[in-house]
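Chemist: Given next are the chains, with one letter for each unit.
Protein chains: 2
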Amino acid sequence: MQIPTFADVEAAARRAAPYIHRTPVLTSSFLNALTGAELFFKCENFQKAGAFKVRGACNAVFGLSDENAAKGVATHSSGNHALSLSYAAGRRGIPCHVVMPRTAPQAKKDAVRGYGGQITECEPSTSSREAVFAEVEARTGAEFVHPYNDPRVIAGQGTCSLELNEQVPGLDAVIAPIGGGGMVSGTCLTLSTIAPQVKIYAAEPEQADDAFRSFKAGQIIADDAPVTVADGLKVPLKELTWHFVSNHVTDILTASEQEIVDATKLTWARMKIVMEASSAVPLATILKNREVFAGKRVGVIITGGNVDLDKLPWIEG
Amino acid sequence: MQIPTFADVEAAARRAAPYIHRTPVLTSSFLNALTGAELFFKCENFQKAGAFKVRGACNAVFGLSDENAAKGVATHSSGNHALSLSYAAGRRGIPCHVVMPRTAPQAKKDAVRGYGGQITECEPSTSSREAVFAEVEARTGAEFVHPYNDPRVIAGQGTCSLELNEQVPGLDAVIAPIGGGGMVSGTCLTLSTIAPQVKIYAAEPEQADDAFRSFKAGQIIADDAPVTVADGLKVPLKELTWHFVSNHVTDILTASEQEIVDATKLTWARMKIVMEASSAVPLATILKNREVFAGKRVGVIITGGNVDLDKLPWIEG
Chain A
1 MQIPTFADVE AAARRAAPYI HRTPVLTSSF LNALTGAELF FKCENFQKAG
51 AFKVRGACNA VFGLSDENAA KGVATHSSGN HALSLSYAAG RRGIPCHVVM
101 PRTAPQAKKD AVRGYGGQIT ECEPSTSSRE AVFAEVEART GAEFVHPYND
151 PRVIAGQGTC SLELNEQVPG LDAVIAPIGG GGMVSGTCLT LSTIAPQVKI
201 YAAEPEQADD AFRSFKAGQI IADDAPVTVA DGLKVPLKEL TWHFVSNHVT
251 DILTASEQEI VDATKLTWAR MKIVMEASSA VPLATILKNR EVFAGKRVGV
301 IITGGNVDLD KLPWIEG
Chain B
1 MQIPTFADVE AAARRAAPYI HRTPVLTSSF LNALTGAELF FKCENFQKAG
51 AFKVRGACNA VFGLSDENAA KGVATHSSGN HALSLSYAAG RRGIPCHVVM
101 PRTAPQAKKD AVRGYGGQIT ECEPSTSSRE AVFAEVEART GAEFVHPYND
151 PRVIAGQGTC SLELNEQVPG LDAVIAPIGG GGMVSGTCLT LSTIAPQVKI
201 YAAEPEQADD AFRSFKAGQI IADDAPVTVA DGLKVPLKEL TWHFVSNHVT
251 DILTASEQEI VDATKLTWAR MKIVMEASSA VPLATILKNR EVFAGKRVGV
301 IITGGNVDLD KLPWIEG
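Sequences listed follow chains A and B, in order. Its first residue numbered 1, the first sequence is counted upward by one per residue in full-length UniProt numbering. Its first residue numbered 1, the second sequence is counted upward by one per residue in full-length UniProt numbering.
It should be emphasised that the hints constitute simulated quantities derived from the structure, not laboratory data. Values in this document were obtained by computation on a predicted structure and should not be read as measured data. Yeah, the Cβ is synthetic: ideal placement off N, Cα and C, and Gly gets one too. Please note: incorrect hints may appear among the correct ones.
As the list claims (entries may be wrong) - Heads up, incomplete: computed chain A residues facing chain B, CB under 7 angstroms, no partners named: (1) R22; (2) F46; (3) R139; (4) T140; (5) W268; (6) G305; (7) L309.
To be verified - Label pairs and their computed distance ranges (CB to CB): (8) E135(A) / Q258(B): 40 to 48 angstroms; (9) T250(B) / D172(A): 26 to 34 angstroms; (10) Q258(B) / L34(A): 36 to 44 angstroms; (11) G93(A) / G114(B): 33 to 41 angstroms; (12) A294(B) / I3(A): 46 to 54 angstroms; (13) E316(A) / T140(B): 39 to 47 angstroms; (14) A222(A) / A294(B): 50 to 58 angstroms; (15) S125(B) / Q167(A): 49 to 57 angstroms; (16) K288(A) / S125(B): 40 to 48 angstroms.
Could you put together the complete structure from these sequences and hints?
Modeler: Have a look at this one:
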């Protein structure tokens with residue numbers, strides 16, 4: 001297991017800079033009054049490809065040698081990592097192969113193709129996905145870039161809190177959603193070096209609380225098939241992200257489905273930004289753990305804004 | 001008729017500065033590629049009270065003498081002007097009286113009260129509104145602040161393009177939605193003084209195109225009761241706003257209801273911002289008048305973000 005260092009984050013920041021946004025930090029006096037905290041929202045929903053994952057993807061893609069890059073990159077994902085890797089590969093002018101279940105929503109397939117990704121469909125089972133992915137890898141020689149359990153990806157995600165720490169001096173805490181733990185690990189990697197006094201919290205849906213239970217148990221616990229509106233957060237921790245979470249996270253807080261939906265709608269309504277339900281889990285946990293954050297300066301990572309505008313979680317249909 | 005001057009805009013900028021945001025300018029490489037223009041979106045949806053109208057309201061409220069201010073301010077509106085005037089009055093600590101039809105949506109009444117406005121209900125007719133408003137004015141002695149046909153309000157709205165001109169050097173054109181013409185008039189007032197080479201366009205729904213027809217006819221034409229999804233743009237020009245529109249606007253462009261809804265959804269999806277359908281009329285007209293804007297640097301005013309998230313125009317229900 002190769003654990004990335006802060007020097008890798010600095011290298012990632014230089015490497016990715018031409019291809020990503022330095023995203024803005026927004027505040028809301030209404031949400032500050034509501035929570036009693038000073039909240040600083042790092043808006044990765046405004047990031048290229050609509051999510052923070054483009055940071056790790058760019059670091060992986062632009063760190064390849066010309067020879068390796070020529071064979072392209074590959075992943076299996078139907079979410080923001082697939083979009084982000086497609087975007088990054090497109091900027092380098094190399095192929096990106098995405099293995100995706102044939103049952104994935106057409107909108108997601110269209111989005112990956114819109115960023116230039118080449119989709120190979122599999123059946124909606126782990127065995128089919130693994131078999132098809134192995135075939136794609138063997139045929140193309142493409143470099144596998146895991147969505148989060150990859151030192152290049154974690155170092156890339158660490159550039160987000162590098163910016164946040166420059167944009168907001170004197171933070172007391174940072175909170176980010178946790179699924180596989182890529183963003184939280186990058187945050188730990190960066191802040192434990194440059195601002196070790198900042199407490200790091202992770203926020204997770206109650207209905208997909210494998211990281212919470214892992215954290216309490218002291219070992220990785222993976223759920224089989226969690227169901228949550230925060231659909232970016234269903235995946236389990238892996239050894240690299242567990243390393244960072246178990247060593248650097250102060251606590252993992254959870255929120256119910258209704259609390260997540262309410263926090264999503266509240267943010268859209270008051271901050272006028274479009275963000276994924278996954279990105280609302282931190283605010284949902286801040287609202288229900290007022291005593292933890294009141295009086296503190298808190299960075300809140302808004303992880304992405306790729307939502308299906310025809311199917312909003314608070315509208316029946 | 002007292003026509004505001006650029007000195008009034010400068011005074012408004014100083015007066016309102018402590019109470020309003022200097023809103024950010026966002027760009028989208030996707031929308032630039034789609035239109036062939038360089039678009040700079042001035043995000044007044046992120047403004048205090050969710051709309052540019054707080055600029056004019058703050059200028060009116062904070063320009064009052066202490067003696068006049070003590071009696072409060074009053075208006076008739078169920079839209080962003082009512083919210084904005086309530087917000088401004090609240091910051092000065094004076095009453096704000098809002099006359100509103102009893103049939104107005106509960107959400108709008110709640111929003112005005114949320115900002116501290118005091119509602120007096122009337123029947124949903126012009127005669128009732130005028131009678132009730134006259135009674136409120138006589139009883140309270142409050143200062144009437146018209147939503148747009150008021151030199152203080154126009155000078156306040158002019159602070160928006162003052163910022164935009166500083167934020168984006170070398171603009172070729174600015175485009176804003178037109179209803180009563182307050183924002184367009186403020187834009188004309190400011191840019192005709194500090195950047196007279198910048199062409200000013202107004203964008204209007206086809207189904208509420210009274211400004212378009214007025215512009216072509218050379219005199220004010222008022223519609224009776226236009227119906228459009230861009231519900232901030234139903235009101236007619238008045239003498240003050242007509243003065244600016246007729247003297248400084250290069251052209252008025254129109255868009256259909258479907259084009260407006262499509263442009264709204266496109267902006268939410270690609271720029272990840274929540275904005276009103278009224279704010280999408282400029283983009284809708286840019287998309288259908290490509291030849292006018294291609295190759296140009298164009299400021300686009302996003303006027304507001306106060307939408308009913310339970311009833312989005314592209315979702316049946």
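Chemist: Starting from the hint 36 to 44 angstroms, judge whether the C-beta atoms of Q258(B) and L34(A) obey it.
Modeler: Since the Cβ atoms of Q258(B) and L34(A) sit about 38 angstroms apart, the hinted range of 36 to 44 angstroms holds.
Chemist: Okay, T250(B) versus D172(A) on CB: inside 26 to 34 angstroms?
Modeler: 51 angstroms, violated
Chemist: Quick check on a hinted range of 33 to 41 angstroms for G93(A) and G114(B), using CB atoms only.
Modeler: 52 angstroms, violated
Chemist: Would you settle whether the hint for W268(A) is holds or violated, based on the nearest Cβ-Cβ distance to chain B being less than 7 angstroms?
Modeler: For W268(A), the interface hint holds, since the closest Cβ of chain B sits about 5 angstroms away, which is under 7 angstroms.
Chemist: Restraint: R22(A) near chain B, CB-CB cut 7 angstroms. Satisfied or not?
Modeler: 13 angstroms, violated
Chemist: Next item in the hint list is T140(A). Is there a CB on chain B closer than 7 angstroms to its CB?
Modeler: 28 angstroms, violated
Chemist: If you take the shortest Cβ to Cβ gap from G305(A) to chain B, is it below 7 angstroms?
Modeler: Constraint on G305(A) satisfied, holds at 4 angstroms.
Chemist: Quick check on a hinted range of 40 to 48 angstroms for E135(A) and Q258(B), using CB atoms only.
Modeler: 44 angstroms, holds
Chemist: Can we keep the R139(A) interface hint, with Cβ of chain B closer than 7 angstroms?
Modeler: 32 angstroms, violated
Chemist: Honestly, do K288(A) and S125(B) meet the 40 to 48 angstroms range at C-beta?
Modeler: 47 angstroms, holds
Chemist: Once the shortest beta carbon distance from F46(A) to chain B is found, is it less than 7 angstroms?
Modeler: Where the cut-off is 7 angstroms and the nearest Cβ of chain B is about 6 angstroms from F46(A), the hint holds.
Chemist: Between S125(B) and Q167(A), does the C-beta distance stay in 49 to 57 angstroms?
Modeler: Distance hint for S125(B), Q167(A) holds at roughly 52 angstroms.
Taken one by one, the earlier hints fail for this structure at numbers 1, 3, 4, 9, 11, listed in ascending order.
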